[in-house]
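Residue numbers (our numbering), protein chains in the order written: chain A, 1 to 198; chain B, 1001 to 1327.
Note that these hints are calculated values from the structure, not bench results.
Some hints here could point you the wrong way.
What the hints assert, rightly or not - Taking lysine-lysine pairs in the BS3-like style, the calculated list, with each CA pair at most 25 Å apart, reads:
(1) B:Lys-1128 - B:Lys-1110
(2) A:Lys-101 - B:Lys-1128
(3) A:Lys-26 - A:Lys-101
(4) B:Lys-1136 - A:Lys-189
(5) B:Lys-1128 - A:Lys-189
(6) A:Lys-101 - B:Lys-1102
(7) B:Lys-1136 - A:Lys-101
Here's the letter readout for the chains.
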Amino acid sequence: MELTFVSLLIAMLIAIPLGVFLARSKGRASPVILRLTAMIQTIPGLALIALVVVVLAALHVIFPFPTTGMLPALIVLVLYALLPILSNTYTGLLQVSPNVKNVANAMGMTPRQVLFYVEIPLSLPILINGVRIAMVTTIGMVTLTSLVGSGGLGDLIVQGLRTMQMGLVLAGTLPAAILAIFFDIVLTKVGNHFTAEC
Amino acid sequence: MIRFKGIWKTFPPNHTVLEDFNLEIREGETLVILGKSGSGKTTALQLINRLIDPTKGEVFVGGKNILFLDPIELRRNIGYAVQEIGLFPHMTVEENIAIVPKLLGWGDKKIDQRIDQLMEMLGLDPAKYRKRYPLKLSGGQRQRIGVARALAADPPIVLMDEPFGALDPITRERTQKEFLELKSKMKKTVVFVTHDLYEAVTMGDRIALMDQGKLLQVATPHMFVENPPSAFEDDFLGQHRFQLSLLTKTITECMDPSIGKQSAISPRLSPQTTLMEALNIFREENIKALPVFSNSSYRGEIRKEKLLDQVLDLLMQEPKNYETADR
Chain A
1 MELTFVSLLI AMLIAIPLGV FLARSKGRAS PVILRLTAMI QTIPGLALIA LVVVVLAALH
61 VIFPFPTTGM LPALIVLVLY ALLPILSNTY TGLLQVSPNV KNVANAMGMT PRQVLFYVEI
121 PLSLPILING VRIAMVTTIG MVTLTSLVGS GGLGDLIVQG LRTMQMGLVL AGTLPAAILA
181 IFFDIVLTKV GNHFTAEC
Chain B
1001 MIRFKGIWKT FPPNHTVLED FNLEIREGET LVILGKSGSG KTTALQLINR LIDPTKGEVF
1061 VGGKNILFLD PIELRRNIGY AVQEIGLFPH MTVEENIAIV PKLLGWGDKK IDQRIDQLME
1121 MLGLDPAKYR KRYPLKLSGG QRQRIGVARA LAADPPIVLM DEPFGALDPI TRERTQKEFL
1181 ELKSKMKKTV VFVTHDLYEA VTMGDRIALM DQGKLLQVAT PHMFVENPPS AFEDDFLGQH
1241 RFQLSLLTKT ITECMDPSIG KQSAISPRLS PQTTLMEALN IFREENIKAL PVFSNSSYRG
1301 EIRKEKLLDQ VLDLLMQEPK NYETADR
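Sequences are here, hints too, so could you generate the full structure?
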């Protein structure tokens, strides 16, 4: 549970400012970075976990981080959550009407005020939708990371699989599924709330 | 009040939008910049609040070269109204109006009073509409909020870019009238951009006609209709001359000067009343003659018959003989 939220929080802290930066900069960096994060998404979850563990092990001589447990799990989850948040922040900001931005400038708002008073509020429904997608995939992924010893509901599923016990598998699966559905509904509601206002 | 001096504006690679643009806008007047899309009229407008900076030349506002002023500071002291979509959809009516006063650091109480005052001035009940979101208002109401927002911090200059463009013709005409009335009560310099000829002659004290980045003519609406630039006349003005004359000609020509007797009939005309306005009043009132007053002193009267005669005269001149025009 904490693992899900911590990784989601870290992903948001990276992806939202990056998305704002990309939307603001008119350079060619944006498509490159967006494609890069999209590529991460295409790597199968299991493979990415294995990759991160191997890379951490290889770096162990220089950085003595733990190669199993929470850290690799966190890295994988953050990497996975980046894309939906980043791309939705980016497209959300770009869909704000140029006319509205023009008026905001014309009224004498500083670039920062335009961002916080106008651009972010107007792209909030799309941004929240990105966080929702990221959260649901993270809750799904987090069970996989128990393979590298991050614990949680995934442990129950893996144990159940090894010992062929339906009860254990369900005890891990059902709460995970219910959690995902619950947060999906909550964040959809929050997103709708912001859309309905305007 | 506002002066453009030798302005050139080129967008990369080499698209010239303004070519040696010179214009002076007087304090307190409404200057309409009239032109087709792509004529450079919006660019000219946005030079005033530095949304666009010139490639060459200088812009003066209140005697100061604005290229040396902080654009943020400058913009907070210039009202800006565009088509209705310019309202922020995520803010309520009161939040929209409060933006510039808040940026200027006004106190909450002062802002609150100002919102009520503006909304009442524009005929919107504050109690009913303050907390509404723009999408829950009609087009005409949104437009009025847009005007209220532009006037919120009481700026001496107001820029309007096709502000009534998105309204249906009837609402549009009503909003124009309301704005004129409002304008007559305030001392504001208004720069108004439009491509609508009728709007230009109704709203403007003077009209600046632009085409392909060049200023063709600056004239009062009346002069503009009587002596338009020849190219423009062939294109467009010819077929509309009669209607435009009604909108711009004043009643002075057909007025019978004061003979001493002063009638007490209620609707009073003024020497600035246009033929069109006079016709409308006669249609509504169904009387034979109306008095003309200027600064509450009696100047004479207008007889309905004579007014109709002049309108007929105007109509007979149509179509104009183009062979005399220079070609």
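Query raised in the report: Hints broken by the structure, by number, lowest first?
Result: Going through the list in order, the structure violates hints 2, 5 and respects the others.
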